[in-house]
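Student: Reassemble the complex: the two chains are provided individually, in unrelated frames, and hints are given to aid placement.
Residue numbers (our numbering), protein chains in the order written: chain A, 1 to 470; chain B, 471 to 671.
Hints are not guaranteed to be accurate.
Said to hold, decoys possible - From the structure, some residues in chain B lie toward chain A, with a derived Cβ separation under 10 Å:
(1) 647
(2) 655
(3) 661
What the hints assert, rightly or not - Here are a few chain A residues that sit away from chain B, every Cβ distance over 10 Å (derived from the structure):
(4) 16
(5) 28
(6) 91
(7) 175
(8) 193
(9) 209
(10) 241
(11) 247
(12) 273
(13) 277
(14) 355
(15) 367
(16) 419
(17) 429
Read the hints as simulated data drawn from the structure, not as lab findings.
Glycine included, each C-beta is placed from N, C-alpha and C at the ideal position.
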Amino acid sequence: MAATLFSKVWDLHTVRKLPTGQTQLFVGLHLVHEVTSPQAFEMLRTRGWGVPFPSRTVATVDHIVPTASLARPFADARAEEMLTSLQQNCRDFGVPLHDLGSLEQGIVHVIGPELGLTQPGMTIACGDSHTSTHGAFGALAFGIGTSQVRDVLASQCLALDPLKVRRLDVTGALAPGVYAKDVILAIIRRLGVKGGVGYAYEYGGEAVSRMSMEERMTLCNMSVEGGARAGYVNPDATTFAYLKGRPAAPSGAAWDRAVAWWASMASDESARYDDRVTLDAGALEPHVTWGINPGQSVGVSGRVPRSSDVAPEARAQVAEALDYMGFSGGETISGTKIDVAFIGSCTNGRLSDLREASRVVKGRKVAPHVKALVVPGSNAVRAAAEKEGLDAIFRDAGFEWRGAGCSMCLAMNPDKLEGRQVCASSSNRNFKGRQGSPTGRTLLMSPAMVAAAALAGEVADVRPMLGGAR
Amino acid sequence: MTLPAIRRVSGAALPLRGDDVDTDRIIPARFLVSITFEGLGEHAFEDDRKAAKAKGKTHPFDDPLFAGARILLVNRNFGCGSSREHAPQALARGGIKAVVGESFSEIFFGNAVAIGLPCVALPGEAIARLQSLVEGAPKSALAVDLEARTLIADGKTLPVSIPENAREAFLSGNWDGTSMLLERFQGVEAVAARLPYVAGF
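Okay, chain B solo, but in the shape it has when bound (with noise of 0.2 Å):
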């Protein structure tokens, strides 16, 4: 199934500091006892943004500064742990269009991509800059252009990375891969067929 293309992300950032930000803290599993996504945007973070609160400080998701981003800023081996794809969804439930960091977990990576949320990554002294950049400016606008593997801002232009099939998956607007799979069957039959374990042996 052909979805919409996705070219060009750009918004206000949001800064989340820290490596090794793992899927039950994007979205504690108390929240996964549904048979649906639906509402998950408001829970990004939950527990976090509370622990927060109660030692008197603002987590970045409850920051009014950053309010309407639409890119989050985001350090090493974010979205470790758990394959819950609801990680993924909460944000991008939660309003966020693009992730940018220094890396990525492989599950959480694919997760995103086969939901339509872009994460590409640069080197992490640039992550670093433009947290501080974003959290020194936080309307500053960011733009993220997968047609160029560019990141926009303060004027500047990075060359970011993105796997190249993610990225032409998000620019036909083939990021739903199930009809890909599907298109020449026969081959998947065949591959049954050789396998000696299917028919039992």
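Here chain A stands alone, though its shape is the one from the complex (with noise of 0.2 Å):
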């Protein structure tokens, strides 16, 4: 019978039923941070328990991460602490660290794919919610919380409910200066932050197939902020010319077997959905959020809303984000001041993301109110972006250039924003007080988008300046 990717993979690694009705699925591939896991590991030390499956656990440190100066002891002595103590854990449970330092370190989303650990048709989870973003490959790949860290830890496996799944076709191409990143702010746009909750997102057509594997992950990374758990695209050539010659890819007589079954993975042509909705590419231009949610957004050559132009029961959501965005609603989003450019995330800190944006900024300068910056999504994107010379492009542009990590995405670190600043990012929510101050406004758009508001001191339609073809 024709199946989902969703169901092949949900019924390859079910385990059994569980006695709650809910079903326990084995965990391929664990993915651990500094952040939500210190919890758990205690509390397996409490109980008793060891990592059964430490070949299948990865660890790494991202959101605690100067990217000024990585001099230790670090500044602020919990970091400190969160860092110590995540490399004693996985001492003791025998799991592989990518530490600091290291050229495998960073952004936990970014060093996955990057080393070949991501892989099609696997079941991934990990104490974060942009885990998401694996789903590019066609892996099931789910946000956790700190117990059910602690789940995957002692047993491999989770239990879950199965979601239904959404298939999502994206028609036509892009056109220049727009970016998977505008695809998925529509996609929420449309369908609300809550639109996707118990939902697996299946992205397809024409524009998803021509995407790059980083487009594909921009994608699927931010299916979390439309509500939906996970999000995928199904396995294909591009897939798998990604994967070759990665260190944790199989190679020889193992990769044309392990190409074989990848493929199989993938949804059949006759597969049935629970829903489908389809958007046309072609007519999409660059994407800016006004609000504080990430599905308030709006085409770049759009205008804020006012709380009267919205549905009643809207009005007072609305109200509240243009109260606390500082809008009076009704002006063009273009043009709205800001005080900080922040390229990065694991959104949109991919090498892909900052050659785009290099473009932009080639041969020109940040305005002078501005504070740029551009935090690599891990130290082997930083590598590669000096190998091309893109810091020098960045840099002489007047951005700083920093070390690898989640940065001011979520200011768990010292990049944060003051008072009121408002911020053009490349990131994934502008949730109140997102980026680290409490009262800070987060304006989410493309990095392309992100570089043209740093050089303009405002934002701007990025298309004008890109010169060329893409």
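Tutor: So, in structure tokens, the structure goes:
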């Protein structure tokens, strides 16, 4: 019978139906970081449990890493304690750690794919909601909380209820200057931040087929912002080409067997979906958020809504967002003055993101009042970018070129907004206070749009700044 | 491991209005820089509380009328965003013993179950009525009865919904599920053995 990738992967990893009615699901890859794991390891110690599949577990440090200096001990003693604790836990439980200073260190959702750990047909879990990123490879990847991190460490399993599957067909082709980030912002705008609750999102269609793996990662990364705990793209030639030669990818005769198996896990053509939605990629323009959740966005040529523009039951929420953001409603989003520009995060901190932003920045200068920083998603991204001379392009323009980590996406390190600063950000969340200042304001957009905003000192359409073909 | 069963939560309630309240608001990220969950209770909604104060308003979590409340009344998609278990931990450590809302984010809901914090759902109109009731009469006693799947307020009994597995976990005291996952470990090993990638193809 025709099946979706979701149900094939789910069935293959099912251990049993639990007495509670949930499914016990084997986790093929467990990614661990310093924020959501210390309490879980402590619970293992209390109960006397070990980690039975340490080779299916990989740790790194990302959230708390300072990006200006890696000198130890960290200025923040609690951050230092978190890293020390992760190092000790990994030693005690035999979990491999890509530690600070290593070329393999970086944001957990950047290094998993980079190292070839993330592969099609797997189940992947991590104590971080943006685990949905790994779905770009045709894996079933879930964000989990700390108690579930404990479950996976101790048993390599999760107790879960199956999700429904919504197919999102993104037809047509993206225009130059319009990116995967704009596609996902448009999807969330249309379906809402809770539209995906209970679903896994399967992205397909011409525009998705044409996307690089890094673009697909951006797309799947923000599934969770639309309420969908998981999102995925069926594996294809693009997926296999990306994986070939990666350190943890199979090689030799095993490579051919792997490709055949990976291809067999893709959704069958006649698979049935619980819901289908179509979006025309060709009609999209760059998107920018104006509010306090990722569903509150508008095309760059559009206007911030007035609360009177929306249905009565949605007015209070729009009014709250306008008030927090300091918009009166009705103004163009373009021209909104910014104070900070942040390029980075698990959403848009990869090499292709930095390349696109550098095309905009090259030979130009950051507006004098703007603090602009580039935080590569991993040390490997940083090294690759430096090899291409991207660091020099950014520095010459007035950007700070930083070390790898999560940085100002959620400001658990020293990179924080101050006061009511407005940040043009390539990250994933514009929640109140998200970037470290309780009153700070975030405008989400693509890295190229962040670069354009940094130069203009205000939100600006990147398209006229992009010379030549993409 | 069997923990104390949770059958019924009763007490005063605290109304917190608004859809899509994200976990960054419930507990800002700076409080996650710690290797324990200790002390999170006093920081729940810290930035929202400060923002209210700055405007001369009182956030419900600071309102003495709602001090000691055990039941949190919320609206739609509560707990969206980050998967941080610190969010339900902060609520539970701040004295909240049950959350009643129109709907919850999936990850938040799972995290809450895993730490013994029941979340039950009611239609939006009923939630709005309850929030108004409690705002008008702050010490009104509410009771969430998981056994009967009801909420008792103002002398009325309303049916609430909660997934059966979560309800069963609370009633049996099996809401901390690791032991259950370890019960038949040969089954786990059998699945690992049939996955081509585990053996490196």
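Student: A separate judgement is required for each hint: does it hold in the structure or not?
Tutor: Here is how each hint holds up against the structure:
no., hint, result
1, 647, "5 Å, holds"
2, 655, "7 Å, holds"
3, 661, "4 Å, holds"
4, 16, "6 Å, violated"
5, 28, "6 Å, violated"
6, 91, "15 Å, holds"
7, 175, "30 Å, holds"
8, 193, "6 Å, violated"
9, 209, "24 Å, holds"
10, 241, "17 Å, holds"
11, 247, "13 Å, holds"
12, 273, "19 Å, holds"
13, 277, "19 Å, holds"
14, 355, "29 Å, holds"
15, 367, "28 Å, holds"
16, 419, "12 Å, holds"
17, 429, "6 Å, violated"
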